[in-house]
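Residue-level listing of the chains:
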Amino acid sequence: MAFSTTVSQRKHIKRKAPRGFLKRVFKRQKPHLRLETSGDLLVHLNCLLFVRRLAEESRMNAFESKCGVIKKEHVQAAAKVILKKSRG
Amino acid sequence: MAEAMAESYNRDSEPTTRTLLRRVLDTADTLTPRRRRSARVRRLSSPTKMNVRRRSHRARSIGRLAHVHTSGNLEEQTPRTLLKNILLTAPESSVMMPESVVKPVPTPQVVQSSRRESSRGSLELQLPELEPPTTLALGLLAPGRRKQRQRLSVFQQGMDQGLPLSQEPRGNGSASSLTSSLNLTFATPLQPQSAQRPGLARRPPTRRAVDVGAFLQDLRDTSLALASPGDSLRTPVATLPTDTVLEDTQPFSQPLIGRSPSVYHSLPCLSHTEAEDAKRAVSHRTQSSGPRLQNHNPGKPTQLLAGKAKKVDALAVSFPNNSSAVSGEDGVEPLQDGVGEEAEERMEESLSVSKVVATTGTQGSVRMEKSKGHREMTEAAEAKEPEGSSGASLELASSTTEFLQARRPQFLEPAPPPSAAVLSSEPLEPLSTRLPPRARTPGPRPRQDPHKTGLSHYVKLFSFYAKMPMEKAALEMVEKCLDKYFQHLCDDLEVFAAHAGRKTVRPEDLELLMRRQGLVNDQVSLHVLVERHLPLEYRQLLIPCAFSGNSVFPAQ
Numbered sequence: 001m002a003f004s005t006t007v008s009q010r011k012h013i014k015r016k017a018p019r020g021f022l023k024r025v026f027k028r029q030k031p032h033l034r035l036e037t038s039g040d041l042l043v044h045l046n047c048l049l050f051v052r053r054l055a056e057e058s059r060m061n062a063f064e065s066k067c068g069v070i071k072k073e074h075v076q077a078a079a080k081v082i083l084k085k086s087r088g
Numbered sequence: 001m002a003e004a005m006a007e008s009y010n011r012d013s014e015p016t017t018r019t020l021l022r023r024v025l026d027t028a029d030t031l032t033p034r035r036r037r038s039a040r041v042r043r044l045s046s047p048t049k050m051n052v053r054r055r056s057h058r059a060r061s062i063g064r065l066a067h068v069h070t071s072g073n074l075e076e077q078t079p080r081t082l083l084k085n086i087l088l089t090a091p092e093s094s095v096m097m098p099e100s101v102v103k104p105v106p107t108p109q110v111v112q113s114s115r116r117e118s119s120r121g122s123l124e125l126q127l128p129e130l131e132p133p134t135t136l137a138l139g140l141l142a143p144g145r146r147k148q149r150q151r152l153s154v155f156q157q158g159m160d161q162g163l164p165l166s167q168e169p170r171g172n173g174s175a176s177s178l179t180s181s182l183n184l185t186f187a188t189p190l191q192p193q194s195a196q197r198p199g200l201a202r203r204p205p206t207r208r209a210v211d212v213g214a215f216l217q218d219l220r221d222t223s224l225a226l227a228s229p230g231d232s233l234r235t236p237v238a239t240l241p242t243d244t245v246l247e248d249t250q251p252f253s254q255p256l257i258g259r260s261p262s263v264y265h266s267l268p269c270l271s272h273t274e275a276e277d278a279k280r281a282v283s284h285r286t287q288s289s290g291p292r293l294q295n296h297n298p299g300k301p302t303q304l305l306a307g308k309a310k311k312v313d314a315l316a317v318s319f320p321n322n323s324s325a326v327s328g329e330d331g332v333e334p335l336q337d338g339v340g341e342e343a344e345e346r347m348e349e350s351l352s353v354s355k356v357v358a359t360t361g362t363q364g365s366v367r368m369e370k371s372k373g374h375r376e377m378t379e380a381a382e383a384k385e386p387e388g389s390s391g392a393s394l395e396l397a398s399s400t401t402e403f404l405q406a407r408r409p410q411f412l413e414p415a416p417p418p419s420a421a422v423l424s425s426e427p428l429e430p431l432s433t434r435l436p437p438r439a440r441t442p443g444p445r446p447r448q449d450p451h452k453t454g455l456s457h458y459v460k461l462f463s464f465y466a467k468m469p470m471e472k473a474a475l476e477m478v479e480k481c482l483d484k485y486f487q488h489l490c491d492d493l494e495v496f497a498a499h500a501g502r503k504t505v506r507p508e509d510l511e512l513l514m515r516r517q518g519l520v521n522d523q524v525s526l527h528v529l530v531e532r533h534l535p536l537e538y539r540q541l542l543i544p545c546a547f548s549g550n551s552v553f554p555a556q
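Heads up: the protein sequence lines correspond to chains R and S, in order.
Numbering follows full-length UniProt numbering, with no gaps: position 77 of the first sequence is 77.
Numbering follows full-length UniProt numbering, with no gaps: position 16 of the second sequence is 16.
If you're looking for bench data, these hints aren't it; they were derived computationally from the structure.
There's no promise every hint is true.
Stated by the list, open to error - Pairs of lysine-lysine residues, derived as DSSO-like cross-links and limited to a Cα-Cα distance of at most 27 Å, are as follows:
(1) R:LYS27 with R:LYS14
(2) R:LYS72 with S:LYS480
(3) R:LYS84 with S:LYS460
(4) R:LYS72 with S:LYS467
(5) R:LYS16 with S:LYS480
Said to hold, decoys possible - Here are some of the chain R residues that sit facing chain S, going by a computed Cβ distance under 7 Å:
(6) ILE13
(7) PHE26
(8) ARG34
(9) LEU42
(10) ARG59
(11) LYS71
To be verified - One side of the interface only, derived from the structure: several residues of chain R facing chain S at Cβ under 7 Å:
(12) GLY39
(13) CYS47
(14) LEU49
Glycine included, every Cβ here is placed at the ideal spot set by N, Cα and C.
Modelling step: build the complete structure from the supplied sequences, incorporating the hints.
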């Protein structure tokens, strides 16, 4: 007995992946390409990891500047580093 | 010895330990009805002559012992009495027969070596009920000199009679511990845990009093979610949507005057009985609290807001549930205004707003701003304007409290256009014409809002991972970063797919991308990351797993 590819409506998944959004973004960017079904889940995983790294980096920046609030500059500096890392 | 053997052979063609025991007991001059029984002896396959010799030898020793204990007092806890009980109670044709045959043989050894009368006594107490285990125990009680031989003989008998070997090794263990454990299990009943460990007692879950309004709204949300599943991507229409079919149950006429348009603007409600009930309930509430609105309303809205805030937090991640957030905020303001009908209608409208995230998000944000501030009865047109300007999805992404303190001027019209399109059952088409046209920029809005609401999902995650308060500018910066990230991602995937000569991006491309990013390396595989960060349902879809029937899902 194999599981179904769809989740029944009653199941409440925590931290759902916005699959429609991801598919739409990909389609908009690359209309000539196609994305597979489980591919967008992996894209979501990638996004999660990216956001996590970004958040940690900006948090570190805020700590270093002894600030209790994350400011735009912290995020910007963090983004530079992390975007470069996740260039692939 | 020869006599014993001859004797045994004379009595039965196939002497068994059971019969030997019987003979022993019979000869020991007791009033037993067992003599009759001995006639009906089960024929078991006779083991080798050596075993017979051994058994006869033991039978003799039993005989010696039998003479020692002349009286068969049951009060005395002796092995003899135990054996008697066994023979009395054990059915001859029982499955446990082999055991009872085997086990009584070692018991003479037990008698010889040591007498643990107390333990036996407790065992004896259980004898009538728990026959086979006690026979086991008796058999296993054999410590002492003849242990090895006894076990060997027993083993051989067991082999010959097809006994499971598991019984034998058990005897190798500490017999005392086994009996003691048996004693424990037999003698001591299971005490209720609560008596010993009060901490383990199950406490009834503490339940909060149910807020009827929140409950009904939740019901409506779920029903709406079921009703219109696929509308999350609809973009809002510039014009006002349909309007209410809500029946006016309110007796208030004055507030209606100033708000008549807004009333009409209220969203269409799927004619749920729940909606009406909620309406009536709210109307009742507001009616009762009519003059003392200020006193009561803070209680209710805060209560509702608390409930809504809870809901909002719970549902903050998923898009379609922004409507509920909206509904929450909606419910708050009108109540405070003391206009019962509006409150209900707002609530219903907001509840009936289903999947159009963008507009509801914007409206919700604006509404939230207003709710804590001063209510103003404004026209729907004015109410709609700030929606477009606010860029609401971003604000919605921030904490709700920020909105509550933000500007508030207009009383937002809770009539998201998409809901009309979404809810086919709305009979409120004509109402839209009544609404004054809202000045809005229809062009870029449909593009931005769903995109922004999608991004807001990740922005919320960012603020969660950061664990620190953030500025709004920082959140906008995060959005820009995400945009850039998605562009990079798509480009990379395109390159990888083209490199593989494909036009479809496959999971292998994704894995290669993560490998190049350094997330996946030889120590950490993709499956590990999937297990760590994705919920179970996605993990099932991604990682192939074998199921029964030689099937693997997902198929490779």
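Mind checking the CB of LYS71 (chain R) against every CB in chain S and telling me if the closest is under 7 Å?
This hint holds: LYS71 (chain R) lies near chain S, its Cβ roughly 6 Å from the closest one there, short of 7 Å.
Taking the closest Cβ pair, is PHE26 (chain R) under 7 Å from chain S?
6 Å, holds
Check the hint pairing LYS72 (chain R) with LYS467 (chain S) against an upper bound of 27 Å on the C-alpha distance.
Holds, at roughly 16 Å.
Is the hinted pair LYS84 (chain R) and LYS460 (chain S) satisfied, with a Cα-Cα distance of at most 27 Å?
Between LYS84 (chain R) and LYS460 (chain S) the Cα gap is close to 23 Å, so the pair holds against 27 Å.
Cut-off 7 Å, beta-carbon criterion: hint that LEU49 (chain R) touches chain S
Given a least distance of 6 Å, the restraint on LEU49 (chain R) holds.
Is LYS16 (chain R) within 27 Å of LYS480 (chain S), Cα to Cα?
22 Å, holds
Satisfaction of hint between LYS480 (chain S) and LYS72 (chain R), Cα-Cα up to 27 Å:
Holds, because 11 Å separates the two Cα atoms, which is no more than 27 Å.
Restraint status (C-alpha distance of LYS27 (chain R) to LYS14 (chain R) at most 27 Å)
Status holds; Cα separation ~26 Å.
Given CYS47 (chain R) was flagged as interface, is its beta-carbon under 7 Å from a beta-carbon of chain S?
6 Å, holds
Would you settle whether the hint for LEU42 (chain R) is holds or violated, based on the nearest Cβ-Cβ distance to chain S being less than 7 Å?
Result: holds, 4 Å to nearest chain S Cβ.
Take the shortest C-beta to C-beta distance between GLY39 (chain R) and chain S; is it under 7 Å?
OK, holds: GLY39 (chain R) within 7 Å of chain S, min 5 Å.
Hint check: 7 Å Cβ-Cβ cutoff, ARG34 (chain R) to chain S
4 Å, holds
In the structure shown, no violation is registered for any of the earlier numbered hints.
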